[in-house]
Amino acid sequence: MEKNFESFIQAWQDHKQSGKPFVTVTLVNSRGSAPQDQGARMITDGKSVLFGTIGGGKVEARAIEEAAKLIQDKESKTHHVLWNLQKDVGMTCGGEVSLFFECEGDSGKNWIISIFGAGHVSQELCRVLERLDCSITCIDQRQEWLAKLPKTINTLQSDSPKDYVKEIDDNSFAILMTMGHATDAPILEEILKTKNLPYVGVIGSDSKAKLLKNEMEKVGVLREKIDSFICPIGESFGDNSPAEIALSIAAQLLKVKDEVFQTAKRTK
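Once you know that position 223 of the sequence shown is 1641 in our numbering, the rest is easy, because the numbers rise by one and skip nothing.
Be aware that one or more of the hints could be misleading.
[Claimed, not checked] In silico DSS-like links for lysine-lysine, alpha-carbon gap of 27 Å or less:
(1) 1569 / 1434
(2) 1631 / 1613
(3) 1613 / 1626
(4) 1611 / 1465
(5) 1465 / 1580
(6) 1434 / 1495
(7) 1434 / 1580
(8) 1569 / 1673
(9) 1631 / 1643
[To be verified] Derived Cβ-Cβ restraints for the label pairs, each shown as a range:
(10) 1550 / 1502: 42 to 50 Å
(11) 1655 / 1550: 17 to 25 Å
(12) 1446 / 1635: 20 to 28 Å
(13) 1508 / 1677: 41 to 49 Å
(14) 1627 / 1508: 53 to 61 Å
(15) 1446 / 1632: 53 to 61 Å
(16) 1599 / 1545: 23 to 31 Å
(17) 1508 / 1565: 15 to 23 Å
(18) 1613 / 1447: 36 to 44 Å
(19) 1494 / 1565: 30 to 38 Å
(20) 1600 / 1566: 19 to 27 Å
(21) 1674 / 1483: 29 to 37 Å
(22) 1635 / 1566: 34 to 42 Å
(23) 1559 / 1483: 35 to 43 Å
Since the hints were derived computationally from the structure, they do not count as laboratory data. Ideal Cβ positions, reconstructed from N, Cα and C, are used throughout, including at glycine.
All chains, please: the whole structure from these sequences, using the hints.
Printed below as a string of structure tokens:
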């Protein structure tokens, strides 16, 4: 049991670090033909099981549906149910299960931003974005730079940042501002080949944009995907200081967010 609990804690920490919302489901009590022992745990993203089990079958399927509702709920973080296995779950055997649901991560936050690179501009950008209703994950090879970020930012140290691309939600915004062109390019290629994100931006100049587009074409990225990423990023105001570049990027992100999610409320 101790080993299983350690595995659960490790899985919980891994998913917490990812920045994506998830739900821990615990079997609090059971009576009759319950499919698992008391204390059994499962981690789910509301779509599938990420770790553990509370018994599989119909109970687990129903629990995943319930978890999905909790993730979408902007107010509640916890939920308790007492299900009759026949009446509420549709099983042939009799019994009851008591389940406790606890949502972690940014429940109800649909605006997810993945920032590759924790350098000077990223530091300023994260401090601007952390005040907004969004979930931010910053990925970098350098732990010492990640440690400088605000505690509200999800951080991930990785020697191969492009490997994180597969974890990015389909509705995420991706911003590439790593140590340079050589480290941006592999991440950009992976995103353009495997994802269809509403915003992909790379920090840099017009010449860097031209170079990246030529490289993406050489590695077989579709033309429509090549034309979809933004470089340089940010609105046309301010100077070249990290703080003002960050503000111009944040302004651009807000404009695209309003277009994608139809969230604009202010009128001129």
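Evaluation of the provided hints:
Between residue 1569 and residue 1434 the alpha-carbon distance is near 13 Å, which keeps this suggested pair within the 27 Å criterion. With a C-alpha separation of about 17 Å, the suggested pair residue 1631 and residue 1613 falls inside the 27 Å cut-off, and the hint holds. For the hint pairing residue 1613 with residue 1626, the CA-to-CA distance comes to about 22 Å; that is within 27 Å, so the pair holds. Straight-line distance between C-alpha atoms of residue 1611 and residue 1465 comes to about 24 Å, which keeps the hinted pair within the 27 Å bound.
For the given pair, residue 1465 sits about 24 Å from residue 1580 by alpha-carbon distance, which is consistent with the 27 Å threshold. Straight-line distance between C-alpha atoms of residue 1434 and residue 1495 comes to about 14 Å, which keeps the hinted pair within the 27 Å bound. The hinted pair formed by residue 1434 and residue 1580 meets the criterion: a straight-line CA distance of about 19 Å does not exceed 27 Å. Only pairs whose Cα atoms come within 27 Å are accepted, and residue 1569 paired with residue 1673 is accepted, the gap being roughly 26 Å.
Taking the CA atoms of residue 1631 and residue 1643, the gap is about 10 Å. The hint holds against a cut of 27 Å. At roughly 43 Å, the beta-carbon separation of residue 1550 and residue 1502 lies within the given 42 to 50 Å, and the hint holds. The hinted range of 17 to 25 Å is satisfied by residue 1655 and residue 1550, whose Cβ atoms lie roughly 19 Å apart. The hinted range of 20 to 28 Å is not satisfied by residue 1446 and residue 1635, whose Cβ atoms lie roughly 56 Å apart.
In this structure, residue 1508 and residue 1677 meet the distance hint of 41 to 49 Å, their C-beta atoms being roughly 42 Å apart. Taking 53 to 61 Å as the suggested C-beta distance range, the pair residue 1627 and residue 1508 conforms, at roughly 55 Å. Against the hinted window of 53 to 61 Å, the Cβ-Cβ separation of residue 1446 and residue 1632 comes to about 58 Å, which satisfies the hint. The hint said 23 to 31 Å for the Cβ distance between residue 1599 and residue 1545, and at roughly 25 Å that hint holds.
A hinted range of 15 to 23 Å for the beta carbons of residue 1508 and residue 1565 is inconsistent with their spacing of about 50 Å. One distance hint, 36 to 44 Å for the beta-carbon pair residue 1613 and residue 1447, holds here, with the actual separation near 42 Å. Evaluation of the 30 to 38 Å hint for residue 1494 and residue 1565 yields a pass: the beta carbon distance comes to about 33 Å. Between residue 1600 and residue 1566 the CB atoms are about 23 Å apart, so this pair conforms to the stated range of 19 to 27 Å.
A C-beta distance of roughly 32 Å is found between residue 1674 and residue 1483, which places it inside the suggested range of 29 to 37 Å. The hinted range of 34 to 42 Å is satisfied by residue 1635 and residue 1566, whose Cβ atoms lie roughly 36 Å apart. At about 39 Å, the beta-carbon gap between residue 1559 and residue 1483 stays in the expected band of 35 to 43 Å.
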